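Student: Residue numbers (my numbering), protein chains in the order written: chain A, 6 to 345; chain B, 27 to 354.
Simulated from the structure, these hints should not be mistaken for laboratory data.
Nothing here was measured: the structure is a model prediction, and the numbers come from that model.
Beta carbons: idealized from backbone N, C-alpha and C, even for Gly.
Keep in mind that a hint or two might mislead.
Only part of the chain A face toward chain B is listed, based on derived beta-carbon distances under 10 Å [claimed, not checked]: (1) 230; (2) 279; (3) 306; (4) 307.
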Amino acid sequence: MIAIQESTLLRAEKISMEFVSRYGFLGRHQHRVRALDSVDLEIQRGETLGIVGESGCGKTTLGRCLIRLITPTAGRIVLDGVEILALDASALRHLRREMQMVFQNPFSSLNPRMKVDDLVAEPLRTHTDLAGGALEERVEELLVEVGLGAEHMKRHPHQLSGGQAQRVALSRALALSPKFLVLDEPTSALDVSVQAQIINLLSQLQERHGLTYLFISHDLSVVRHISDRIAVMYLGQIVELASSDAIFNSPQHPYTQALISSTPVPDPDSGRERIILEGNVPSPANPPAGCRFHTRCPYVMDICRRQEPKAHAVGEGHWAACHLLDKAPSDSVIDLQLIN
Amino acid sequence: MNQPLLSVEDLHVRFRTPLGDVHAIRGISFSIERGQIMGLVGETGCGKSMTGRSILRLVPQPGEITRGRILFEGRDLMPLSEDEMHKIRGERIAMIYQDPAAALNPVFSIGQQIFMVMEQHQANSDVDTRQRVIQLLEDVGLPEPMTLYNAYPHELSGGMQQRAMIAMALSSDPSLLIADEPTTALDVTIQAQILDLLITLQRSRGISILLITHNLGIVAETCQRVVVLYAGRIAEQGDVGDIFHRPHHPYTKGLLAALPNPGSRGNALNVIPGRVPSGLDLPPGCTFAPRCEYVMDHCSQHQPGLFTVSPSHEAACFLHEEVGGKKP
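One chain only, chain B, in its complex shape (with noise of 0.2 Å):
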């Protein structure tokens, strides 16, 4: 078996803050393969962003982490030094966010922009650099790339913004993609383009994304595996399938339930109790036992590891303890 693109193991960010620590990220381990479309999906605070940042080192003061490996292509990025990560930041990961406004400088043209971050990366002549500028707007369908190369952000909409941020993104050929809620700005025709760019990336550069996002639509026809967060833990992991088809996990079951279907006209909602808990203030035992509908006396003691479900399906849940049998 290949190794795989990145693995991230028992990562745990904290936060130091005024009023106590706030474990942001407790013991998450998952890995992505080369190619592969992976999905982060959970609700606000579950630590989907932070999970993302945390792969580029990233994370914000007060901040930080505190445990973990973070393997990629084969190195642990976690002692690099910060020229080493400057070089593995926009040249072998790189990252697109929700507001490609903000991300986008105002004062530079498109153009410009990509070019200034490919002259970082790489040494090419002028011209050349040039002429790969606009071959990368065109490859992510922009029209007109020789005019749009001269436009100012404000020019463009906010879906021919985001594709030029995905055109700055590829400028250094990078094998993963954090796309981090790249299509929550935008109307859903937009986003349905979006969608179908990064999926013919992945397609045709074999790039590998992990898409970060809290619509479980979204995942359920990008990605091809995904891991469900609950208030910085893993709940869930599986193939698409899996988690749609066959969730174990009473957190999984009752997010796809809540969901409004085509059938749904009349009936109330299937509701989960309660709400997330404060990274302050967490339960022990399992975090997600005080709104769970099949808690039992040993959820509120213990905090469930992953148990298998098939070789290709993790939840964290002691329902499943005896169905899978082995501990992490």
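Just chain A, same shape as in the assembly (with noise of 0.2 Å):
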């Protein structure tokens, strides 16, 4: 086993998770969905990693897993010295308090026939003993962190403005003073505006606390905006990892090069060639052999349809999978748990 470094709060060993659907008479017949294919990540205390991909490519089974909302199929993960998949009910449960998530939207993640204080006091009553003016004076710090006043607390859900209702979301997942927060796309839903507002405030609570994210977006621009370091997935795998500068200034991958292309960008002078990428995602109960890219590289060889690539250190904690990378002398090759 590697020694796990201080300054690591989270590690994730070869993460698989596989869905199976059943189909056909009484569900006779069934698929196998592999949504996360082996995957390795670290998280470091206080940083902020961002996920980016596009549909079904695993970044929300990803987020899930690493808090265990779902178990993988295979894998270890340790947050903070402990292997979390090894946990029984009991200790699971205690350990919910250190990781938490956050949603796309507020709307369906909040019971709408509760109010905003109690929604705020739920997870403090079934973690904690607060109770009474005790219970509600902490209710009240939450939201006053969250940027809401005491006139919102006896409104519900349906009376609260999108960007309000995110709000809400977050002070509940604050409660309890975790360390770890996964946010699965917290501003997708909101106009431009209020955005900017949720984005800025993410930043202060992270700064406040010394919270750790997680944060799950497929606009890359704001991912690059939050993020320390950026994972680029395709297919239930990570294809590339860098430091936000990295990812965006050099990336190697011709899929983030065509994601980071494919983003439109407010100036209508950028002059950019964009890198239109052929075809569709390929179904991921299906994916291409060799590199599940290769269906859509617009720099496919022969080697991809047959190999998968390997993973290749191309500068200072920044690697991609690709066998455009193969030419590397053959030591850069690297292994994964090493470096990640």
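Join these two chains into a complex; the hints should help.
Tutor: Structure below.
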């Protein structure tokens, strides 16, 4: 086993997640969808790790696995020295305080029949002994922290705007002072001007509480703004991982390059040549052999169809899995477990 | 100067609700030239989709167009009968929507659906029509159009469904295509394909496109003209360079500054305080005044008209009253 550095908060090794869906008469047939295929990942204390990719790439599944909202079919996850896949239900429940999740649509994650103050008090009632005045005080403190006031406490979710509802969801997630937050497209349902408010709030909260974020989004400009490092996913695998600047300034994987070039920028004179990828994302139920990206890759070679590419280190903390990088000296072919 | 393809003049749309009248659109005027892609941008509830629907006179109940003219190819659409409107819709003006899966009929094959639309509007032999459908499927970049003719919507990916919708929209060779958030439900790499297709169609067929979107990046890369809406009124309109390089309205400036950009990491994003007012309870005077950082006494009492900033550029803000001079 490799010694885990003090600065590492979470480490995932070779996690895979397979979903089985049944179909046909009485569900006699089944197909298996491998949503995650042997993903290795390390998250440092206090950092924001961005996860980008298109629908079906496994980014949400990864987020859910890391906090064991769903249990991966294979792999290990260590959070702060605790192996979370080995925990029994009661130990896991205890650990839940440390890790929380915020979803894209606050209106579907908040109980429509509860008022704001009850919504925020719920996790405190479940996990702590707070009651009466102390509980009320803590709820108010949490709401103030996310920029809401006393006037919002007695409202139901449908009486809130999208931005306000997302603030309530955030205050619930913060209620138990977690270390690690999985933010799954937290601003995607919001308008631009409100999105900016929530992004700023997330940055302030991270600074104030030393939080660690996994920020999942399909919006590259938002991910670039908020993340220290970014992992790019395609069909259940991470194809490139690097610092935010390196991903955008020197993307190595053709998929990363296409993704960046497809993102429209608000500058009519950018004069960029867009890389238009052919075709659609293949189904994760039946991923292509060899490199999974080879069916759409503009640089596809023979080897790509046969052999899965290895991860190559291309810079400090920057790696990409592509056969184009094979020409590099062979000793730079790396064991993911060592560098991640 | 040629007559524009479409002119919307002083459009007003009102919804009667149990809570009171909601003025969704309050006096919008703009025009689209032939062969132009015009972007209509704004946040949720600004009236951008309703403007698109108003052009086709498809405002849903309990809404109604209370005032205004819609001049299309030199003809006012407002007094037309339902039958005459039916000929305009689909034949001269076509529309595509955000969710192609909801707009396509699940029980007919792609080819059949387009066939039926063409039958409605043209009298050709079945063989000819079928041939044209296959040609259209090919024109919008669908692979193996012969096979796809018989495919059902659920067998296609979201991007292919949207291409099929575009093929259907083009079937009667319209001069205006209204595209309401056509790529919002799609992944970015597929979005890039669809936007590329729209630009190609504009160039090859000279079709005009009204592109309704909330995404400023899409507007910057696709459109020549831009109308920025706020709470049912035009905040600013101009050529794409005017809006992105020389924005004059504080709302446009605020929106652009609220976008994350390559250099923004580590800094707070610019925020427009407050939120869009409810259509039931609009502030008097300039609707943006309660959120505006440059607000003056004047703004909370009077509603600004569009002031000319340059020949191609207008902004509805009193800050530019003296600069431009001319009231509409």
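Student: Does each hint hold? Answer for all of them.
Tutor: Structure-based check of all given hints:
1. 230: This interface hint holds because 3 Å falls under the 10 Å limit.
2. 279: 6 Å, holds
3. 306: At 21 Å from the nearest chain B Cβ, residue 306 of chain A fails the 10 Å test, so the hint is violated.
4. 307: Since chain B brings no Cβ nearer than about 23 Å to residue 307 of chain A, farther than 10 Å, the hint is violated.
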